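J.: Sequence:
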Amino acid sequence: LREIDKKVLEGDAIFTGSSFDRYSGTVSKSSYSDEEEIFRPFAQIRAIKQSSAAKPRLTAADLEPGSMVKHTKFGEGQVIAVEGNAVTVIFDSVGTKKLAIDVAPLTKL
1 LREIDKKVLE
11 GDAIFTGSSF
21 DRYSGTVSKS
31 SYSDEEEIFR
41 PFAQIRAIKQ
51 SSAAKPRLTA
61 ADLEPGSMVK
71 HTKFGEGQVI
81 AVEGNAVTVI
91 FDSVGTKKLA
101 IDVAPLTKL
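Number 21 in the working numbering belongs to position 21 of the sequence shown; there are no gaps in the numbering.
In short, the hints are calculated from the structure, not lab data.
Every value quoted in this text rests on a predicted model; they were computed, and no experiment measured them.
From the three backbone atoms N, C-alpha and C, an ideal C-beta is built for every residue, glycine too.
You may find that some hints are simply not true.
[To be verified] Mimicking BS3-like on lysine-lysine, the simulated pairs with C-alpha atoms at most 25 Å apart in a straight line are:
no.	residue 1	residue 2
1	98	70
2	70	97
3	97	108
4	108	70
[Said to hold, decoys possible] Simulated restraints, written as ranges between beta carbons of each label pair:
no.	residue 1	residue 2	range
5	4	76	35 to 41 Å
6	103	76	16 to 22 Å
7	108	5	38 to 44 Å
8	94	64	18 to 24 Å
9	60	3	18 to 24 Å
10	81	57	29 to 35 Å
11	92	64	34 to 40 Å
12	3	88	31 to 37 Å
13	109	86	28 to 34 Å
The whole structure should be built from the sequences, with the hints applied where relevant.
T.: Spelled out as structure tokens, the structure:
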């Protein structure tokens, strides 16, 4: 997705009707099927971004060695080191992982 020009990704919907329908911007009813619902992937992506942006992220100041955290994929773990924007956590399920605090889906327990 990073390689796709941002101008192409803007818009409210992708519609794959006939060339006439795309030109006129209308949705026609086919004689063989019910009226098709317009697919709106960009609206769904915006909703996901807004809901994830609403959650406050942890910072290095929130964590210290001994803190318990939960990762959405790795489960619960204990912080063993905080270095700048990185945190090292030991998880029961996967062992030790070094994670970027501002990117990792962590919550403090």
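J.: Next step is simple, just say for each hint if it's right about the structure.
T.: Hints, one by one, checked against the model:
1. 98 to 70: Judged against 25 Å, a Cα distance of about 14 Å means the pair holds.
2. 70 to 97: holds, 13 Å
3. 97 to 108: Judged against 25 Å, a Cα distance of about 16 Å means the pair holds.
4. 108 to 70: holds, 6 Å
5. 4 to 76: 35 to 41 Å: holds, 37 Å
6. 103 to 76: 16 to 22 Å: holds, 19 Å
7. 108 to 5: 38 to 44 Å: Cβ of residue 108 to Cβ of residue 5: about 39 Å, so the range 38 to 44 Å holds.
8. 94 to 64: 18 to 24 Å: holds, 22 Å
9. 60 to 3: 18 to 24 Å: Given a distance of about 32 Å, which is not inside 18 to 24 Å, the answer is violated.
10. 81 to 57: 29 to 35 Å: Roughly 19 Å apart at Cβ, these two residues miss the hinted range, so it is violated.
11. 92 to 64: 34 to 40 Å: violated, 20 Å
12. 3 to 88: 31 to 37 Å: holds, 33 Å
13. 109 to 86: 28 to 34 Å: violated, 19 Å
Checked against the numbered hints given earlier, this structure breaks hints 9, 10, 11 and 13; the rest are met.
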